[in-house]
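Counting with the numbering used here, you get residues 23 to 294 for the letters of the sequence shown.
Please note that a few of the clues may not be correct.
Listed next, the in silico SDA-like pairs over lysine to any residue satisfying Cα-Cα at most 25 Å (straight line) [what the hints assert, rightly or not]:
#1 280 - 268
#2 266 - 254
#3 272 - 291
#4 99 - 133
#5 272 - 204
#6 99 - 44
#7 272 - 190
Simulated restraints, written as ranges between beta carbons of each label pair [said to hold, decoys possible]:
#8 162 - 47: 44 to 50 Å
#9 82 - 134: 44 to 50 Å
#10 119 - 86: 18 to 24 Å
#11 214 - 115: 44 to 50 Å
#12 205 - 82: 42 to 48 Å
Hints listed in this document are in silico derivations from the structure and should not be mistaken for laboratory results. Ideal Cβ placement from N, Cα and C applies to all residues, glycine included.
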Amino acid sequence: MTQAHDGPEDDKPMPLLDHLIELRKRLIYALVCFFAVFFITFYFAKPIFSFLIQPALADGYKVIVLDIFEFFFVTVKLSAFVALIVGFPLIAVQIWLFVAPGLYRHEKRAFVPFLVATPFMFYAGCALMYYVVLPYVINFMLTQYAPPDIEKTLRSSDYLERILQLVFAFGFAFEVPVLLTLLIQVGIATTEGLKSKRRYAIVVAFVIAAVLAPPDVVSQIALAIPLMAFYEISILIGGVIERKRAAADKAAEEAEEKAEEAEKKAEESANR
């Protein structure tokens, strides 16, 4: 009876040319996924953009086009960004299929949950941005700084640029627990290390918020708070991971000690 092998699927090293061929195949598949989503998004760009401007229209603001080719470039930029977001799981699958054969089983078990969680956390950040933060940003910036006696209109290209900026900011914030938990899982980081660097993490959170969020204090705080909260959540999740790892190591040591004791007893009985 053969024992289960905990190594890569094939111990025989793959020639460099085969690696390059496999990499080329996966890159082609990833590009096909990207452009497939891109052209679908390009076809439905009008309703997608109409959906994105609803927070502005709901508050009585107008979104305008000032150039003949402006909305075409808005459509291209929107389609490319949506293709990256929506097509990311498909692209990630191709990356996984290229990397997975060289991983051990325990490494695969460590990476798969995070591969699944990454797009969902990013989408959660996008939802928070669209339904909570964006209406506030629009109203605050146009009522706080613009005189009340001027007509308030938003240029489509500028509006989309701000949307993409906020999507990236909040999507990145929601990836923090995934990244930190993965680092703890693979042993690169520890919960004690994260706790000791908590004061620096707070500073970094506000610096990131100041760079990525709109230039008002409230929206920057709205981004910095999730960053700090997810940092603390990562410490809690990491503690659970480390306790499970310690319990598994202890159980393995006890099993090894029992095996050694059984082997000694077998040797003693054989020598009698």
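Would you list, in rising numerical order, the hints stated earlier that this structure does not obey? The structure conflicts with hints 3, 4, 6, 7, 10, 11, although it agrees with all the remaining ones.
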